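With the hints as constraints, model all of the structure from the sequences given.
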Amino acid sequence: MIADQQLAERRSIRLSRGDRIYSVFNHLFLVFALLIVLYPLVYIISSSFSSVKAVLSGHVWLWPVDLSLDGYRAVINYSKTWIGYANTLVYTVAGTGINVVLTILAAYPLSRRDMAGRGFIMFLMTFTLLFHGGLIPTYVLIQKLGIMNTRWAMLLPSAMAVWNVIITRTYYQSYVPSELLEAAKIDGANDFSFVWRVVIPLSGAITAVNVLFYAVGHWNSYFPALLYLHDQNLFPLQLFLRQVLIINDIDTDMMQDLDAALIDEGRLGLMELIKFAIIIVASVPVLCIYPFVQKHFIKGVMIGSLKG
Amino acid sequence: MKRSLLQTVRNQKLLLLFLVPGLIAVIVFNYFPMVGILMAFEDYQPKLGFFGSPLAGLTHFETFLTDAKFYRAVRNTLAISILYLLFGFPAPIILALMIDSVNRNSFKRVTQTITYLPHFVSWVVVASLVYRLLDLEYGAVNKLIELIGIEPRPFFRQPQSFWAILTTTWILKEVGWGSIIYLAAISAIDPEQHSAAMIDGAGEFRRLLHITLPGITPTIILMLILSLGTLVKVNFDAAFNLQNALILETAEVIDTYVYRTGVRLGRYSYAAAIGFVQSVISFALVYGGIRLSRRYSDYAII
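Respectively, the protein sequence lines represent chains F and L. Counted the way the working numbering counts, the first sequence spans residues 1 to 308. Counted the way the working numbering counts, the second sequence spans residues 1001 to 1302.
Everything labelled a hint here was simulated from the structure, so no lab data went into it. Owing to the predicted nature of the structure, the values given are computational and were not obtained by experimental measurement. Glycine included, each C-beta is placed from N, C-alpha and C at the ideal position. Watch out, some of these pointers could steer you wrong.
[Stated by the list, open to error] Derived pair list, reagent style DSS-like, types lysine-lysine, alpha-carbon separation capped at 27 Å: (1) F:Lys53 <-> L:Lys1143; (2) L:Lys1069 <-> L:Lys1233; (3) F:Lys144 <-> L:Lys1047; (4) L:Lys1013 <-> F:Lys185.
[Unchecked claim] Have a look at the derived ranges for each label pair, beta carbon to beta carbon: (5) L:Lys1047 <-> F:Gln232: 19 to 29 Å; (6) L:Leu1147 <-> F:Ala94: 43 to 53 Å; (7) F:Ile36 <-> L:Thr1063: 42 to 52 Å.
Here it is as structure tokens:
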């Protein structure tokens, strides 16, 4: 953001003709970009509230046509929606919990300058950012570990992201003064109570960043599930989404309450209807909290790029 | 020396304990697979495992080097990467410069909020949206071009459109988020320079050219060097979700090819060999880039 004083300065200078043209073009272009980004969102919302006939005939292009809640009703009746939601919630909550704990536990010792083997361990971790074994070896590893087709396959491989450890470490180094540690030691505290009572309360900002990044990652994740899970009862929502949206596959057996009207339109109609409503249903949690936590995400990116 | 190391370790027992879970995670899920690279040099069979499968030397490497589908994937990957460098890389920079030129904070905030949003939507959703929008009969895009008098195209059935579709979609999704770094760099420029220029009569545009742009050039160069490493990769999620069987001619990239041959077709060793070569090249590019950046700028980035 521009500071108020700068803003006042910029406004007080009379714009030359060239500047005015530039400013007009600039604003126009930005508005145009905004519309392009916003349009798909509006389109989905409108389509989700339209009737099957309107959607199928392609009449919907901006506003809802033939207002109807059929789409949402179909989604609510689709068992997979709930199975998916439940699983996604489990993966997101448990996964983020594991992530944050591991990240803090790893970042704190690495932030201590007197830590033995610090350089070596840092190297070990950052090297993995540059080089990795590849998809196939990882896939085979999961098989060998025996966690294929289990919830652990969703929670363990991504248990700790090195990038997050790095930014957390940087944060601790900058914002947890060593004097505090010395004072705590004099008081007889050990490292654990120091972390628990001093470091964690002091680092709310970075913990928030970690929680948010990990949580969104889990929420949108579908690929590990695609690779490692076969049992549909374990599928996260995004995977069902992929079934419906991309592979165009809908399981009518999973429909608990097929409206007579919907049966008329047949499978195709049902599928189109569900598509939009299910996108909204799956994305709503992220989109809702997004405006509120936006600045935390940005802070995270900045800490990561400028200081890390 | 030895005694003090032991002493330190004993004093820091708890600290080291903290590191254990994280280290285990990193070693198991990052380093064990590196051992699995052995698969590329064997005729891997699941029942025999890594150490029991017969050695195959460089057979698989020879196989993919003579495989037309592999070269197709490489060509597609490179083409998409070049498109990224030409359009995808400058886009966030331009957006950041444009946002910075806006003098009203409220408009700035709105623009930022809206453009960051697509980054948080999953590629599954984005891809299905793109399919919808480019649909021959219902798609808004085709309806639009019909209005101008051009014939509607079946975008997702013709291979020649894929590269453009992928690049454009990627840009629209990530340009906002990508601009954050540049906006941060812009805000780090000394406002005194701007004030001085304004007093000398320089307008918005001239200040942009002569102060802002040079001010963020180090950041741009840094980011450019870092993206060198991604030349041999393409965002898997993007390509994977936007692909379909009809357009594999241009839509198959190295990463999806590895997935298809390895996981889907079960040619583990073959796919592992390709993946290995890709990882090595990517590493060489990024590492080379980091060394280059150290020589160029005053501060090391890693």
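Under the constraints set out in the numbered hints, which ones does this structure not fulfil?
none
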